[in-house]
Amino acid sequence: MTLSRQLADLTSGGSTTLATLDDIGDVNLTGLEDGKVIYRDGDDNLWKSAWANPKDPVADLRDFMDARYGAGVWTARTGVGTGSDIGPAIDDACDAIRARYGSGEVRIVPNGLWLMTTPPTPSKLSGNTIAGVGPSHRSNIVFNNANGIMFHWNGAGGFTNGGLKNLTLFCESNLGNSTSTAVLLQGDASFQPDQFMIENIYCTSLAANAYWYNGCLLNGGLRTAPQGLRVGCVNNYQQFNCRNFAFGFYNLVQWTMENIGSYTGTGSGNNIYIGGGGTASTNTVQLSIDGLICSGDLNLTNASRVYIQGSTNTLSTDTSFTTSWLDIDHNGIGGALAGSVYTRFL
Amino acid sequence: MKAKKIKKSAKDIFWEQLNKDKTRERDDLIEKIEGKGKKADES
Numbered sequence: 576m577t578l579s580r581q582l583a584d585l586t587s588g589g590s591t592t593l594a595t596l597d598d599i600g601d602v603n604l605t606g607l608e609d610g611k612v613i614y615r616d617g618d619d620n621l622w623k624s625a626w627a628n629p630k631d632p633v634a635d636l637r638d639f640m641d642a643r644y645g646a647g648v649w650t651a652r653t654g655v656g657t658g659s660d661i662g663p664a665i666d667d668a669c670d671a672i673r674a675r676y677g678s679g680e681v682r683i684v685p686n687g688l689w690l691m692t693t694p695p696t697p698s699k700l701s702g703n704t705i706a707g708v709g710p711s712h713r714s715n716i717v718f719n720n721a722n723g724i725m726f727h728w729n730g731a732g733g734f735t736n737g738g739l740k741n742l743t744l745f746c747e748s749n750l751g752n753s754t755s756t757a758v759l760l761q762g763d764a765s766f767q768p769d770q771f772m773i774e775n776i777y778c779t780s781l782a783a784n785a786y787w788y789n790g791c792l793l794n795g796g797l798r799t800a801p802q803g804l805r806v807g808c809v810n811n812y813q814q815f816n817c818r819n820f821a822f823g824f825y826n827l828v829q830w831t832m833e834n835i836g837s838y839t840g841t842g843s844g845n846n847i848y849i850g851g852g853g854t855a856s857t858n859t860v861q862l863s864i865d866g867l868i869c870s871g872d873l874n875l876t877n878a879s880r881v882y883i884q885g886s887t888n889t890l891s892t893d894t895s896f897t898t899s900w901l902d903i904d905h906n907g908i909g910g911a912l913a914g915s916v917y918t919r920f921l
Numbered sequence: 656m657k658a659k660k661i662k663k664s665a666k667d668i669f670w671e672q673l674n675k676d677k678t679r680e681r682d683d684l685i686e687k688i689e690g691k692g693k694k695a696d697e698s
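These protein sequence lines are chains A and B, in that order. Under my numbering, residues 576 to 921 are what the first sequence spells out, in order. Under my numbering, residues 656 to 698 are what the second sequence spells out, in order.
Please keep in mind that the hints were generated in silico from the structure rather than gathered at the bench. Incorrect hints may appear among the rest.
[Claimed, not checked] With a straight-line Cα cutoff of 25 Å, these simulated SDA-like cross-link-like pairs (lysine to any residue) come out: (1) K687/B to Y676/A; (2) K662/B to H905/A; (3) K630/A to G654/A; (4) K677/B to G842/A; (5) K687/B to H712/A; (6) K666/B to R713/A.
Remember, predicted model here, so these are calculated numbers, not experimental data.
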């Protein structure tokens with residue numbers, strides 16, 4: 576059977592035998608793993624196998640683990656701190672996407688627990704989405720780094736957009752009181768990772784006594800023109816086991832959030848901060864949050880046009896928080912409220 | 656003299672229950688993934 580006939584069969588919904596394709600001689604099917612597909616690599620003029628077409632803007636992490644460590648050589652996390660490091664492979668995937676499309680998505684398939692020791696490079700992540708198979712507890716990554724930032728987007732080179740979705744993120748069980756941060760969106764005076772989506776994130780720890788330092792920090796404080804970290808959403812983000820704060824939102828402009836919560840932290844680790852730098856161009860503005868649960872202190876300063884509906888253990892404010900709407904069940908309030916803040920407290 | 660029993664407010668009960676449920680949720684996930692005996696509370 577000729578190659579053209581085989582391809583015609585395939586494109587018309589038919590099939591061809593792998594043995595015959597093997598006879599063509601430009602693809603090695605020996606040891607082809609169950610589930611891999613064959614694609615045409617025009618650069619090498621060869622048929623090759625992969626988990627997903629690596630020339631697509633949606634990359635499968637396993638292909639870049641194969642390329643970096645060798646097919647059949649790398650492993651998922653097999654024990655505390657052991658397993659192949661996915662961080663460098665995520666960098667490789669982002670490089671491949673950047674070269675061909677500018678931005679795209681790296682798919683983290685369910686594979687037990689993936690281990691990340693080296694965080695992906697912020698400038699490579701920028702513009703790209705890291706996505707599991709959702710909504711959560713399916714694609715799991717364990718961060719085995721006591722003082723790093725697991726995912727940091729910085730918008731370098733003007734690559735805005737990107738996202739983080741459908742993942743469960745764990746602090747490794749032996750890290751104790753780490754100084755690590757799970758998620759950071761923070762650029763510089765020129766670039767910020769604007770137009771961002773965070774969705775279905777369950778961020779916790781693999782041991783009750785292992786703690787993140789910070790959970791999720793979104794900080795546009797370094798850019799004043801255009802102002803801040805601009806336009807994004809956070810939906811369904813549950814943050815556990817922090818010891819400094821669970822969420823920090825600074826100089827955000829035009830963000831919406833829904834169903835976010837902080838739990839099981841130690842010290843100030845359940846706190847949620849909404850604020851800014853104290854000037855019009857560095858304060859948070861136009862932030863809307865529905866379904867907030869703060870098991871610590873919800874701290875509101877240096878922000879305006881903020882709407883919050885939810886529950887917090889305690890609420891702290893001062894008069895730098897203005898022109899906003901609070902629909903909150905709280906168990907204690909401290910600080911002064913500006914007259915332009917409309918409240919419905921339970 | 657018998658100590659006076661302090662009645663918990665509805666809000667205290669809400670936060671106590673929330674904390675209990677979320678701790679259980681976290682520990683159940685750890686147990687599911689790591690197996691029994693790996694919870695740090697027991698380590």
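Against the structure, the hints come out as follows:
| no. | hint | result |
| --- | --- | --- |
| 1 | K687/B to Y676/A | violated, 39 Å |
| 2 | K662/B to H905/A | holds, 18 Å |
| 3 | K630/A to G654/A | violated, 33 Å |
| 4 | K677/B to G842/A | holds, 17 Å |
| 5 | K687/B to H712/A | holds, 10 Å |
| 6 | K666/B to R713/A | violated, 34 Å |
In this structure, the hints that do not hold are numbers 1, 3 and 6, in rising order.
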